[in-house]
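Trainee: If you want the building blocks of each chain, they are given just below.
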Amino acid sequence: MNAITPITTTLKDWETDQEVRWCPGCGDYAILKAVQRTLPELGADPANTVFVSGIGCSSRFPYYVESYGFHTIHGRAPAFATGIKLANPQLDVWLVTGDGDGMSIGGNHTMHVLRRNLDCQILLFNNEIYGLTKGQYSPTSRQGTTSPTTPLGSVDRPASPCAFALGAGARFIARGFDVSKELPNVLKAAYHHKGAAFVEIFQNCIVYNKDVFNDFAAPKGAEDRQLWLANGEPMLFAKGTQGIALDTEKLTLKVVDVIDGDWQAAGVIVHDVTNRSIAHMLVEMPFGPFPMALGVLYDDPRPTFEAAVMAEREKAAAGKEPNLAKLLAKGQTWTVTEGGPEL
Amino acid sequence: MNAITPITTTLKDWETDQEVRWCPGCGDYAILKAVQRTLPELGADPANTVFVSGIGCSSRFPYYVESYGFHTIHGRAPAFATGIKLANPQLDVWLVTGDGDGMSIGGNHTMHVLRRNLDCQILLFNNEIYGLTKGQYSPTSRQGTTSPTTPLGSVDRPASPCAFALGAGARFIARGFDVSKELPNVLKAAYHHKGAAFVEIFQNCIVYNKDVFNDFAAPKGAEDRQLWLANGEPMLFAKGTQGIALDTEKLTLKVVDVIDGDWQAAGVIVHDVTNRSIAHMLVEMPFGPFPMALGVLYDDPRPTFEAAVMAEREKAAAGKEPNLAKLLAKGQTWTVTEGGPEL
Amino acid sequence: MATQLADPEAKSTVAPEAVVVRFAGDSGDGMQLTGGQFTLSSALAGNDFATFPDFPAEIRAPQGTLFGVSAFQINFGSTSIDTAGDAPDVLVAMNPAALKTNVGALKPGGLIIADTGEFTKRNLEKAKYDVSPLEDGSLAKWQVLAFDISALTLESVKPFGLGNKEALRCKNMWTLGLALWMFDRDRAPLIDWLNAKFAKNKVLADANVAALNAGHAYGETAELGGHVKKLHLGPVPTPAGLYRTITGADAVALGLVAGAQLAHLPMFFGGYPITPASSILHALVRLKEFGVTTFQAEDEIAAICAAIGASYAGQLGVTSSSGPGIALKGEAMGLAVMTELPLVIVNSQRGGPSTGLPTKTEQSDLYQAVYGRNGDAPIPVVSARSPSDAFECAIEACRIAVQYMTPVILLTDGYIANAAEPWQVPDPATFKEFPVTFLAEKNAGDTLLPYKRDGKGTRPWIKPGTPGLMHRIGGIEKAVDTGHLDYSPANHQAQTDARKAKVDGIAQSIPDQDVCLGAPGGKLAVVGWGSTYGPIHQAVGRARAKGMDVSHIHVRHIWPMPQNLGELLKGYDKVLVPEMNTGQFKTVLRDQFLVDARPLTKTSGQPFTIAEIEAAIEGALA
Amino acid sequence: MATQLADPEAKSTVAPEAVVVRFAGDSGDGMQLTGGQFTLSSALAGNDFATFPDFPAEIRAPQGTLFGVSAFQINFGSTSIDTAGDAPDVLVAMNPAALKTNVGALKPGGLIIADTGEFTKRNLEKAKYDVSPLEDGSLAKWQVLAFDISALTLESVKPFGLGNKEALRCKNMWTLGLALWMFDRDRAPLIDWLNAKFAKNKVLADANVAALNAGHAYGETAELGGHVKKLHLGPVPTPAGLYRTITGADAVALGLVAGAQLAHLPMFFGGYPITPASSILHALVRLKEFGVTTFQAEDEIAAICAAIGASYAGQLGVTSSSGPGIALKGEAMGLAVMTELPLVIVNSQRGGPSTGLPTKTEQSDLYQAVYGRNGDAPIPVVSARSPSDAFECAIEACRIAVQYMTPVILLTDGYIANAAEPWQVPDPATFKEFPVTFLAEKNAGDTLLPYKRDGKGTRPWIKPGTPGLMHRIGGIEKAVDTGHLDYSPANHQAQTDARKAKVDGIAQSIPDQDVCLGAPGGKLAVVGWGSTYGPIHQAVGRARAKGMDVSHIHVRHIWPMPQNLGELLKGYDKVLVPEMNTGQFKTVLRDQFLVDARPLTKTSGQPFTIAEIEAAIEGALA
Ligand SMILES: Cc1ncc(C[n+]2csc(CCOP(=O)(O)OP(=O)(O)O)c2C)c(N)n1
Ligand SMILES: Cc1ncc(C[n+]2csc(CCOP(=O)(O)OP(=O)(O)O)c2C)c(N)n1
Ligand code: SF4
Ligand code: SF4
Ligand SMILES: [Mg+2]
Ligand SMILES: [Mg+2]
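Residue numbers (my numbering), protein chains in the order written: chain A, 1 to 343; chain B, 1 to 343; chain C, 1 to 622; chain D, 1 to 622.
It should be emphasised that the hints constitute simulated quantities derived from the structure, not laboratory data.
Each hint should be verified, as a subset may be incorrect.
[To be verified] Using 30 Å as the maximum straight-line C-alpha spacing, the simulated DSSO-like pairs for lysine-lysine come out as follows:
| hint | chain 1 | residue 1 | chain 2 | residue 2 |
| --- | --- | --- | --- | --- |
| 1 | D | Lys165 | B | Lys134 |
| 2 | A | Lys250 | B | Lys250 |
| 3 | A | Lys181 | A | Lys210 |
| 4 | D | Lys197 | A | Lys320 |
| 5 | C | Lys121 | B | Lys12 |
| 6 | D | Lys442 | D | Lys523 |
| 7 | C | Lys121 | A | Lys33 |
| 8 | D | Lys463 | A | Lys188 |
[Said to hold, decoys possible] Selected chain B positions facing chain A (Cβ under 8 Å, derived; list incomplete):
| hint | residue |
| --- | --- |
| 9 | Met111 |
| 10 | Arg115 |
| 11 | Arg142 |
| 12 | Gly144 |
| 13 | Asp156 |
| 14 | Ala159 |
| 15 | Phe164 |
| 16 | Leu166 |
| 17 | Ala245 |
| 18 | Thr248 |
| 19 | Met281 |
[Claimed, not checked] Only part of the chain D face toward chain C is listed, based on derived beta-carbon distances under 10 Å:
| hint | residue |
| --- | --- |
| 20 | Ala217 |
| 21 | Val370 |
| 22 | Asn374 |
These numbers were taken from a predicted model, which means no experiment stands behind them.
Using N, Cα and C, we set each Cβ at its ideal position, and we do this for glycine too.
Chain A with its partners taken away, still in its complex shape:
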């Protein structure tokens, strides 16, 4: 079923005839465009692509992508994706979720799809708020977020989606944000990772949580506040004048100045996407004292769930003939004849 030759499509081919119904100015538009721009570059086939989502503004996404789409129920998209992929491993499965959908009600399914390592791309649009239900705080909202349910500010400590994903056993972790030019590259890396690829995309909810990511996402001064990671490259930012090094005493990361581009001297770490310890530090690296870690934080594939399930199914079925009549007649049987029953 999978196309043998890559399919040629254009952005237009991935647009549906449905009116897009997000608020004007919502970050979701930019993500949609980034995805629709990236899919042709990946040679993806609309007929072979499925977008699965839960419920939320973000989860309206499938309606706008001209592919197969399933807008399911709140928090459960990973479970639907699992059924779809196990039923047909040939399909390209993209899972779109929000910080409420994927981290609040759906946290458990997010955990298990990562643990099992189902081959799919998980795009978690993190706007740190419940958009669709009109702006209540979410598990990723920063402490003190005022919202209809927290008029005096939220008191819960926020969850970090990437830290959570790593703790759940994810083998691919990346970050981007709605209007970033780099987003397509992040999406491509996720697509090329065989297994569950977890991508946190910061997304501006202009109505209920406007510009909370401006600290690092605003174009002005972005260089100083964004650390774009690239495998094999030193962790440099601020136009190469600063970098991330390891404080070997405290075993934490630190920001160092890089003089005259000599990052080796400054001890700047070369990013190794397969290093799990570094990944742990990067996902927990606090923004403020540090820049925001973006791009592919971790990428170290393992065999996928659906491949293992298929392999086991084949092993189990090997040499066995699916004969229903024989199956029904299995076990302790006896025959009743005119003369009575016998074994």
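Got chain A; can you put chains B, C and D with the ligands on it based on the hints?
Mentor: Just chains B, C and D with the ligands, lined up with the frame of chain A:
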């Protein structure tokens, strides 16, 4: 309500009149005894103690502890505990769960109770199997576990409860096992931690997953296979002849030989329970090449959820008088008199 | 009764006792605010009223689109008003999309007020009009008053130097001003309100007041098509007292607070956002001083479990959601049944099934409420008929929960949650208290029997922290009296019977069913529950006025039902049950009383109109 | 018909056509195995039979305790057998606890066989006996055959040099040997079976065979109290053919496999362990070669969602659970209703509410099945009456699911799941296929209409991966034909009506309701569903034999019901509905047909006895 002077009790005081109904030889018995032995030492008050559990063999625990007990539904114990503690922060809340209860159906609630940092002790009995439902594999079962649902061996990658807990934002992580003499100390540390204290207790299900922990838990050679962590102490095992050091190149842990007790020379790490990077490495340290990390892996308290909720409630209520009549008459009102309505 | 306004051909001889006005515009046009203020003004005029806000499903739909239209309907008059009105007499359409989506409902001969300033080519396209309807004669069966409200507004606020966008935002006040003129209303309270609202921005306050006055003045001076005239609807005879407007969501929140107080308990509210239930949570988070703890849980399951935990710990646990969220709570409800802990579960019903129509109203969760659990798990169900009734029902739910140690379901719906009506503020001193006593010492000599039942079949409530009363409960069948685990056949039979008897027995504590209009017997009873109250009441009233033998019975207690209900229904030849579902309550009635209750169903996400029910009554009696 | 055995005072004049034997012992005593082999032996003797295993709730309860007793009851005879029998004629009690918990059920005059070797002081204490009941005369109304089976077993296996513990494990075979003697059974098949079972351990095989033979010889030679005699129950007249024993759980698994094959589909089964549903999953994991993918999900919600996902992707999605787990699936069922995807949901009911009685049986999830969802979300419900019937019902559920693009609920219960009965192995060539066609190209010219309905009201099934048919579905109300989001009133009304009509229309594809015993009209109809079949059938048979005018109607299709059922029921003066719940199916009958269906309820976690129903019949006709 909280006793001002510590209560004096004995083990007997914590035993109920109910017949204990685990399989003879089940590791749960040892854990029960360890808890019942520890509670008197903590000066705990049976009247002020609540054991909350989900469903599973492990979750039968509350029936056997002479305190208040609530055997709830599968996977949801953290939510019940949250309600109980918010309703009465004076109560000592212990949460007992299993690898199925707390990591499978209940993973999301486990995550959120840790993230919010509710003050309670979470004891997760990990027998790497579903005991009560007769032996199906669980999310912590090792790959290849044969069970009624995986006759050819499980294919899922197992979850690590401690890694999961840390990813979820836990501020206290400890490990023990059923028959360990150290278990009471681990329980005490958990009790003294203000906030959610996550304790993974390896537990032998002799019926469905017999002796899977024998590799490290068997008394013979235990020294060589158990790394008992103590804050401020070097990470030594095998009677001090081996230790854990940091491979600063790969940023991973390694086992080093300690010659003549000179662990400093060998670079053995001094355990700092507040170091999160070390905690990440310890929870993921693979048993086999490494000993099993036991004891308190991480302990770095933060303000608790119920304290924050109470504080906010007080702040919100400050200076306000709870006058129902006034409340009902709030908003846009008008008065109808003989002469008609007026503002 | 709503009647036609300013229709020269109107054949009605009745003086206009009531008028229905619908304000419709873009989501950004402030229609809900306009409607809300017009409502207050109606209240101050002494009119009775009922309102129906109709939001778009999208948070902020693109401007000018059909799905971005937000509407607010009010029915007000000098007579008793029970519904937001069938068809509007007046439609205020702030743009082409608002006209298109709403004009169909307008009465023949009704009045359209349209802002020509918004009937631009682009807006017409967005509304999928080829030609402007104002110009192609397609509105011929209505009266059209089209003029450039945008320009008039800009003109009126010019002195204040606002930007174009800000200035246009005053359009809604201009329109409100015109409406105030049309219905002979006092502007002063509105002006006060505007000054208070914009206290921090004098310029905005002044501009809005200026727009309001300009709209009013326009009515006063302009030649409004000749036949639109100022209309005065006198006050409805109302008992003297303090009044306010109240929405169903607020009424539930207040009722819960009152209920907890009457029980002498702190309240714990576990919720998870979902439309249209969230507003109850939003209201309660602001009432912490009343001993209310609110908890936004990670999902609906955690919300109910935390509430049960809080009840276990001695507070009044409450949880609230809408259909899909209630579905998730089913398993935990069973635990509350088994552990016999008090709990109030509020369901603000919306259109289903599945995600369905989140912003529309329906009554299709009755089956779920009465029957939707595993095992024999009876739970009392109370339903509110209107916003103000929701207050009393919430108290009633609390009473049953604590007096019978049981979860109780309170049903409201999206219509009740959002609609507003005038409410005579009750005096708490008149409320009947039902204080809770926790068990303080062993209740059987030296023994504690956590499942020992009292005369009503209720077990004691035992608060952790109480010395000497340690015990264990859970979801496995409990032994009679001791509450220990018990799987034995006789015990399960006994406890199943006891739980059923307890819930059935609640009927003894509820009032007999009354007939709210008509006689206790006759040709036809129209039996309703919940928010169909208004249209049924009006329809039965009209039918009776025409001499038909029909009565209106409105059931609050869905489970258990009033003890006399069966007998009462058997006194009618026919029983008609209008419901916004495919016929759910009729199942309960037929099962319990074996009466031939016939359903009148509607599942369009919209409330019944009076006319629909009137027609069904006529059909049944034909 | 079960009758009394070897009772000198027996007044019955009927020859013993059937005998009920109960084997009871410690969980470790191998009673289920003994029972299973005795069952096979009964089958080979040509008897009809029905069995009822009764496990303790604990995994492995401490030895000798009351709650650790495991029992297996078999009713076998030379006549048609429908139930596992009311009261045993023979009780084999391997220890004091087994005696204590089971003797109450034994018929007066029945025979107790007890192993005195286990009546030690310690075991008596554990069973809460002060004195040995074998000695204090408390068993006077029964016949007691007490002897030291333990010692006799040890003696018999001495030659094989087993350890004491291992040697004692052969006790069950000794006992089986005695039982074989009592009922004149052939030992050879059992000996073959033992040799096969212990093929890898010759010593154990020999020891067990020796014990079996010794038990048999004991019967042959010992003076068994004088009045116990060898009894031969002849074969029941049975159609020739291949037979096997089957439990309900296996039958469901096989029926699902057959159903998927008849639909020409691979099957995806999403499950999460729960008693007593797990065994279906356990059976299916071993059938991968039939195109079955099994998925043990993280919870019940994920299990159903994955199954819906698989259906969406073109497989037959199936999920299974028991009450509490089904409760969790309610929200997702609504999505399957809205997206109109095929899905089979199996509920193996257990005692409720809440966690309830996991190892006991009940029929109390009918409300949940028929009504337990938010919104108007009709789902067809099929119920199995017996293990072998479960096979057909599973196929029927698959058929409805794929032919009508709808979720279907299949109800079985703990009794059916565990009970075994003889089953004539059907020939798949006789099954009617219902192959599925996926949409291959646009179905409206150039347009794809994913919600275009066919004559039955069914929408097309469109498999992702099909070129050119890309489309989007979800849980929000779908527009007629296009399936786009649509919140409009008329559309919601139309789709609610269409969903209802589709499910109602399934009635046209199901057979008319038959009367399985008696006449289509008369004084009394006993209407059952599910596993009450056996006792109702027997009770009606007995009552008819006594000349009473009573008929048995057993309903498989709970929703929608057979088209003629209403008329059929109206032909009886009275309708009695025995149910293992507080009266749930009677609600459906009363609602749909307005017949005065009266409930006969039982909620003890135990199946009805024939006598209970007989008594109710007599009461109704009195
Ligand atoms: C079972 C259920 N509970 C609650 C809701 C209401 N609900 C819809 S979306 C949502 C949160 C969405 O937040 P998020 O996933 O962050 O998406 P966003 O709108 O912010 O993109 C909630 C609570 C629902 N639809 N279903
Ligand atoms: C909603 C629900 N689903 C499933 C079950 C069945 N069930 C009971 S315990 C259990 C798993 C227990 O595993 P674990 O938590 O590891 O406990 P253990 O028995 O191993 O101590 C399951 C699946 C249930 N009781 N409720
Ligand atoms: S509410 Fe926020 S997230 Fe939702 S569409 Fe509007 S801007 Fe976007
Ligand atoms: S099944 Fe396993 S975990 Fe459960 S009681 Fe028995 S030994 Fe313990
Ligand atoms: Mg969000
Ligand atoms: Mg376990």
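Trainee: Against chain A, run the beta carbon of arginine 115 of chain B and see if the smallest gap drops under 8 Å.
Mentor: Because about 5 Å separates arginine 115 of chain B from the closest Cβ in chain A, which is inside the 8 Å limit, the hint holds.
Trainee: Please verify that hint: glycine 144 of chain B, Cβ, nearest Cβ of chain A, below 8 Å or not.
Mentor: 11 Å, violated
Trainee: Holds or violated: lysine 181 of chain A and lysine 210 of chain A, Cα atoms, limit 30 Å.
Mentor: 20 Å, holds
Trainee: Please work out if lysine 121 of chain C and lysine 12 of chain B have their alpha carbons no farther apart than 30 Å.
Mentor: Violated, at about 86 Å.
Trainee: Would you mind confirming whether the straight-line C-alpha gap from lysine 165 of chain D to lysine 134 of chain B stays at or under 30 Å?
Mentor: Holds, at about 24 Å.
Trainee: Between the alpha carbons of lysine 442 of chain D and lysine 523 of chain D, is the straight-line distance 30 Å or under?
Mentor: 57 Å, violated
Trainee: Under 8 Å, Cβ to Cβ, is where arginine 142 of chain B needs to be relative to chain A, so tell me if that hint holds or is violated.
Mentor: 13 Å, violated
Trainee: Regarding the pair lysine 121 of chain C and lysine 33 of chain A, is the alpha-carbon distance no greater than 30 Å?
Mentor: Given pair lysine 121 of chain C, lysine 33 of chain A holds - Cα atoms ~28 Å apart, limit 30 Å.
Trainee: Holds or violated: lysine 197 of chain D and lysine 320 of chain A, Cα atoms, limit 30 Å.
Mentor: Cα-Cα ~23 Å, so holds.
Trainee: Report holds or violated for the interface hint on asparagine 374 of chain D, using the least CB-CB distance to chain C and a cut-off of 10 Å.
Mentor: Since the shortest Cβ distance to chain C is 3 Å, the answer is holds.
Trainee: Classify the hint on alanine 245 of chain B as holds or violated, based on whether any CB of chain A lies nearer than 8 Å to its CB.
Mentor: 12 Å, violated
Trainee: Hint check: lysine 250 of chain A vs lysine 250 of chain B, CA-CA at most 30 Å. Holds or violated?
Mentor: Answer holds: lysine 250 of chain A to lysine 250 of chain B is near 16 Å, not above 30 Å.
The structure is inconsistent with the numbered hints 5, 6, 11, 12, 17, 20, although it conforms to all the rest.
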